[in-house]
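Residue numbers (the numbering used here), protein chains in the order written: chain A, 1 to 127; chain B, 128 to 722.
Check before you lean on any hint, since a few could be wrong.
To be verified - Mimicking BS3-like on lysine-lysine, the simulated pairs with C-alpha atoms at most 27 Å apart in a straight line are:
1. B:LYS626 - B:LYS646
2. B:LYS524 - A:LYS3
3. B:LYS526 - A:LYS124
4. A:LYS4 - B:LYS524
5. A:LYS122 - B:LYS524
Claimed, not checked - Short derived list, chain B residues pointing at chain A, Cβ under 10 Å:
6. ALA220
7. ASP222
8. HIS505
9. ARG508
10. PRO510
11. GLY512
12. VAL513
13. ARG515
14. THR516
15. ASN520
16. ARG523
17. VAL525
18. ASP545
Please keep in mind that the hints were generated in silico from the structure rather than gathered at the bench. For glycine and all other residues, C-beta sits at the position ideal for the given N, C-alpha and C.
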Amino acid sequence: MAKKILMIDDDQELCEEVSEILRDEGYEVKTASDGIKGKKLIQNNRCDLVMLDLKMPKLTGFELLEYIKCVKPDLKIIVLTGSPLKNILGQKEQEDKNESQILKLANVVLNKPFDISVVLGKVKELA
Amino acid sequence: MNSANFDGQIKLEEALKKSEEKYRYLYNESQVFNIIVNLDGTIKDVNKFVINKLKYSKEEIIGKSVTNFVIEDQKEKIKETIEYSIRGGSHAALDVFVCDKEGDIHTIMFSKGHAALYENGKISGLIFTGIDVTERRSVEQNMDESRKNIEKSLFFTSFLSRTAMHFVKNINNDDIFKFIAKEVYGIVGDSIVMVSESEQVPDSHLNIFVVREIIGDQSKLEEVKKILNRDLVGSRVFFDPNDEKVKQRKGLEKAEYGLHGISFKQIPLEISLEIEKRLGFGYIYTTPFALEGDLLGSVAIFTYKNEPLPDQSFVQAFINQAAVALQRRRAQIELQNAHDELEYKVAQRTAELIEVNKKLNDVKRLSDIGTLAATVAHELRNPLGVIRTAAYNISRKVKTADIEKHLVHIEKKILESDQIINNLLNYSNIKMPNYEKINIYDFLEECVAFVKGRFEKQEVLIFKKFRGLKKRILIADSFQLREVFNNILDNAFQAMAEKSGKLTIKSKIEGNNFIVYFKDNGIGIAKDELNRVFEPFFTKKSKGTGLGLAICSELINLHNGTININSKIGKGTEVEIRLPIKGDINGKKNTYDRR
Chain A
1 MAKKILMIDD DQELCEEVSE ILRDEGYEVK TASDGIKGKK LIQNNRCDLV MLDLKMPKLT
61 GFELLEYIKC VKPDLKIIVL TGSPLKNILG QKEQEDKNES QILKLANVVL NKPFDISVVL
121 GKVKELA
Chain B
128 MNSANFDGQI KLEEALKKSE EKYRYLYNES QVFNIIVNLD GTIKDVNKFV INKLKYSKEE
188 IIGKSVTNFV IEDQKEKIKE TIEYSIRGGS HAALDVFVCD KEGDIHTIMF SKGHAALYEN
248 GKISGLIFTG IDVTERRSVE QNMDESRKNI EKSLFFTSFL SRTAMHFVKN INNDDIFKFI
308 AKEVYGIVGD SIVMVSESEQ VPDSHLNIFV VREIIGDQSK LEEVKKILNR DLVGSRVFFD
368 PNDEKVKQRK GLEKAEYGLH GISFKQIPLE ISLEIEKRLG FGYIYTTPFA LEGDLLGSVA
428 IFTYKNEPLP DQSFVQAFIN QAAVALQRRR AQIELQNAHD ELEYKVAQRT AELIEVNKKL
488 NDVKRLSDIG TLAATVAHEL RNPLGVIRTA AYNISRKVKT ADIEKHLVHI EKKILESDQI
548 INNLLNYSNI KMPNYEKINI YDFLEECVAF VKGRFEKQEV LIFKKFRGLK KRILIADSFQ
608 LREVFNNILD NAFQAMAEKS GKLTIKSKIE GNNFIVYFKD NGIGIAKDEL NRVFEPFFTK
668 KSKGTGLGLA ICSELINLHN GTININSKIG KGTEVEIRLP IKGDINGKKN TYDRR
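All chains, please: the whole structure from these sequences, using the hints.
Written out as structure tokens, the structure is:
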């Protein structure tokens with residue numbers, strides 16, 4: 001049975017390009033273009049892996065991360081973000097502790113523009 | 128004899144007698160000098176008033192020459208006057224100085240001309256009449272002197288105000304002493320005047336006197352110089368006012384003045400006493416040159432004529448005035464200095480403010496850039512991500528070498544764009560290092576391999592000399608250090624793009640420091656550009672943000688290390704980085720954060 005992947009990113013073209021590759025690799029892919037749609041997708045679908053953008057309209061990736069870990073703690077998560085990763089990870093305690101803490105809930109965090117072969121490697125590893 | 132005639136004669140005689148008695152009474156009792164002089168110049172008779180005044184008896188006067196009773200200087204004149212009168216002349220009114228028996232002198236003013244005394248129809252004597260004007264003359268003389276004094280005082284007052292103005296306007300601190308010397312000399316005349324400036328020796332009761340000017344009789348001055356074996360002008364003379372021996376010396380009492388409640392013994396005594404002893408000056412005056420308890424200096428006057436000063440009070444007045452002027456002048460100079468100082472400080476502070484402002488602007492600019500960069504990063508990285516994935520999809524679907532070449536270009540440019548975004552982000556968001564243990568040997572190898580991979584096609588020989596580093600641990604922020612090394616190596620590779628490159632990386636541990644050198648044989652940096660390479664946004668490359676070395680410098684600074692660049696245009700560049708091995712965990716922490 002094919003592994004199921006949910007991709008939540010407000011960049012529709014990215015969703016298309018990535019899901020095409022993933023499908024060709026034998027995965028079942030569903031996409032959502034904002035946080036709310038993503039949340040519904042997670043609620044209504046069984047899936048093995050979520051690929052998540054951070055900066056999204058309506059519901060951010062951080063909020064979704066927390067939600068996922070709440071309702072489906074075993075779900076694997078790959079974060080793909082254009083935000084400066086080092087900024088978030090390198091944040092000191094007195095700064096926005098939340099963001100860096102939440103980001104630790106993800107299994108993998110990758111910066112855009114990512115190398116798709118690296119992404120595929122991580123997907124194979126997690127899903 | 129006719130009895131009627133006789134009666135008439137008797138009456139006449141009686142009348143005459145009465146008249147004569149009356150005349151004689153007037154002659155004797157009147158409060159004027161009445162002298163009857165014989166034709167030979169001797170005194171025939173005098174009235175009671177004369178006798179009372181001269182305190183001689185009548186016998187002592189009668190028969191004596193008139194000249195016996197006048198002062199020596201007037202004898203000749205009186206003799207001539209009487210001879211002239213005897214010959215029938217009429218003399219003018221005349222003050223005669225008459226000397227009494229006790230030697231006191233009376234001024235008698237004799238009226239013009241004389242009366243003749245007839246006996247038997249012939250002139251037998253001359254009557255002179257005079258009044259005593261001794262007191263009047265004395266008053267007149269006093270008045271005259273007072274008037275002269277007033278005139279002198281007026282002259283002096285105007286002189287003082289003029290000189291005071293002159294002082295303040297035209298004379299500087301040094302000149303003022305020369306000026307005082309000359310003016311004092313002008314007032315006291317032929318003496319030696321010495322003016323010295325006083326300086327209090329800190330924390331002691333001692334005064335130093337610097338002799339500014341000596342003026343006076345040149346031959347005497349030469350002698351003074353000979354005695355002291357030196358030229359005193361500009362000399363420093365110590366004076367201890369509490370020295371008892373010095374106090375007892377002659378002339379010192381004149382040197383003591385109570386001025387504004389403070390008693391000074393301010394003369395440079397060693398000098399004055401020496402000069403006094405050798406030259407035998409008659410009088411020595413020393414005058415403090417002081418104001419409101421402030422001893423500014425002293426003036427010493429040596430008179431060698433053995434005569435006291437003609438007018439000491441004027442000298443004192445002049446010096447007081449000079450003291451006021453000098454103090455004003457000094458206050459003026461002080462004010463000017465304070466003013467200059469203030470102006471200097473204002474200029475300095477302005478420059479500092481401009482500098483701080485510039486830095487603030489830089490920080491503000493960087494902060495703006497930071498915000499901008501974060502936005503741009505996110506907004507650009509997303510499309511870049513799509514482009515990269517799309518290119519991957521194309522290459523997957525169309526496997527021809529022709530298309531593949533273009534896709535490689537796209538991939539390369541995406542990575543370059545990403546690097547630009549990274550640089551912007553890094554510089555605008557530098558943070559305190561997160562210290563961790565780094566195996567420095569492996570770390571360096573890794574960095575070199577990474578950068579070399581990026582410049583695959585370039586022909587570069589790399590010489591690595593860091594064997595001694597094996598298993599050594601450096602405490603630093605690996606993210607930041609990687610950033611630094613990558614930047615330096617990037618620059619080196621870019622500098623050697625046009626020729627076959629040779630890159631030498633040497634590294635060693637020296638004491639508590641880790642030192643690494645990156646030396647390339649690239650295009651080099653011009654001398655005038657070398658001191659600007661660490662400035663943000665300074666770049667000579669056709670592409671690049673100009674932030675690479677600025678980031679390196681900041682990060683190395685945060686690690687309490689140093690970074691230095693030596694370069695020769697056309698020959699190559701050497702970068703030296705020094706870092707404390709143990710990091711600086713307790714050092715600069717929390718002092719720097721620029722967000």
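These are the hints, each one checked on the structure:
no., hint, verdict
1, B:LYS626 - B:LYS646, "15 Å, holds"
2, B:LYS524 - A:LYS3, "23 Å, holds"
3, B:LYS526 - A:LYS124, "24 Å, holds"
4, A:LYS4 - B:LYS524, "24 Å, holds"
5, A:LYS122 - B:LYS524, "22 Å, holds"
6, ALA220, "119 Å, violated"
7, ASP222, "114 Å, violated"
8, HIS505, "4 Å, holds"
9, ARG508, "3 Å, holds"
10, PRO510, "8 Å, holds"
11, GLY512, "4 Å, holds"
12, VAL513, "5 Å, holds"
13, ARG515, "4 Å, holds"
14, THR516, "4 Å, holds"
15, ASN520, "6 Å, holds"
16, ARG523, "7 Å, holds"
17, VAL525, "14 Å, violated"
18, ASP545, "6 Å, holds"
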